[in-house]
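Chemist: Residue numbers (our numbering): 1085 to 1366.
The reader is advised that the hints may include incorrect statements.
[Stated by the list, open to error] Simulated restraints, written as ranges between beta carbons of each label pair:
hint	residue 1	residue 2	range
1	1311	1249	30 to 40 Å
2	1199	1249	18 to 28 Å
3	1311	1161	32 to 42 Å
4	1156	1245	31 to 41 Å
5	1166	1244	29 to 39 Å
6	1354	1177	51 to 61 Å
7	1274	1177	41 to 51 Å
8	1165	1249	43 to 53 Å
Calculated directly from the structure, the hints in this document are not laboratory data.
Fair warning: this is a prediction, and the values are worked out from it, not measured in the lab.
Just so it is clear, CB atoms sit at the ideal spot from N, CA and C, and this is done for glycine as well.
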Amino acid sequence: MGLAGAAGSVDSGRTAGQPGEPKAGVPRRRALLGAGLAAFGAATVAAAGPAAAGSGGVLDLTHPLGPDLPVWPGNPPFVSVPVATYERGGFAQNAIASWEHIGTHVDAPLHRDPRGIGVDLIAPEDLVAPLVVLDIRARVGADPDAAVTVADIDAWRAAHGEIPERAFVAALTGWESRLAEPAAFLNLDATGTQRTPGWTPEAAAHLITECGAVGFGIDTLSLDRGAARDSPAHTAILGSGRYGVEMLADLAAAPAAGATVVVGAPKHTGGTGGPARVLALT
């Protein structure tokens, strides 16, 4: 397979001053971001690998990219080809190729709305946020088309208190358990439609309105249910200027409340998204 790729773009828009938009001259947020990154550094020193929830360590929520990782139906797999070796030049180097939306990756507003910003313009303070995990695994086990609803948000509040302002809210569906079997992970029905869980636009809009959530995550290939028409969750999330992270890994090991997420978003000009390293500071 050649090292060429194509990208089909989509949308996401928002108005000035909303989360995800670059902001200038905000000393308080810069201070908060600095504190968050300092905590990240301290946690990295304290824990030299994945740590249990509540341990004060670092949990990696990222799938490694490789040729066997499931991708969106019809998209090419990740490719890595050696182009330099230690024997010739003293350094090793690979040429890599993939579509932007592969593996654990960011959806920028531009992915769904032509008026939205690209991944390179997501404000850095929006990439470090309180992590909230909504667990819907019980419902997904009985219904692969299950989705996060406002009732799930209310249940989380009843158990853990108010959702923090400017949170990153992730849906834990348990779909990662299917990863070893790509066909089961895609879960296509007889019509070629994915039967997979996701977000409802109502739940996403509720979190944006009530607590100003800056980002949304999920452990499947899409923020939307596979059977949803017209991508309503993408429209609600990216169209409001927020970003998404799809195909999160090991989300079940993260605490439901109390952790901080660090989203290592890529920064290529005009990008609609791209693979990311996502960490939870527990």
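Chemist: Starting from the hint list further up, note which numbers the structure goes against and sort them upward.
Modeler: 3, 5, 6
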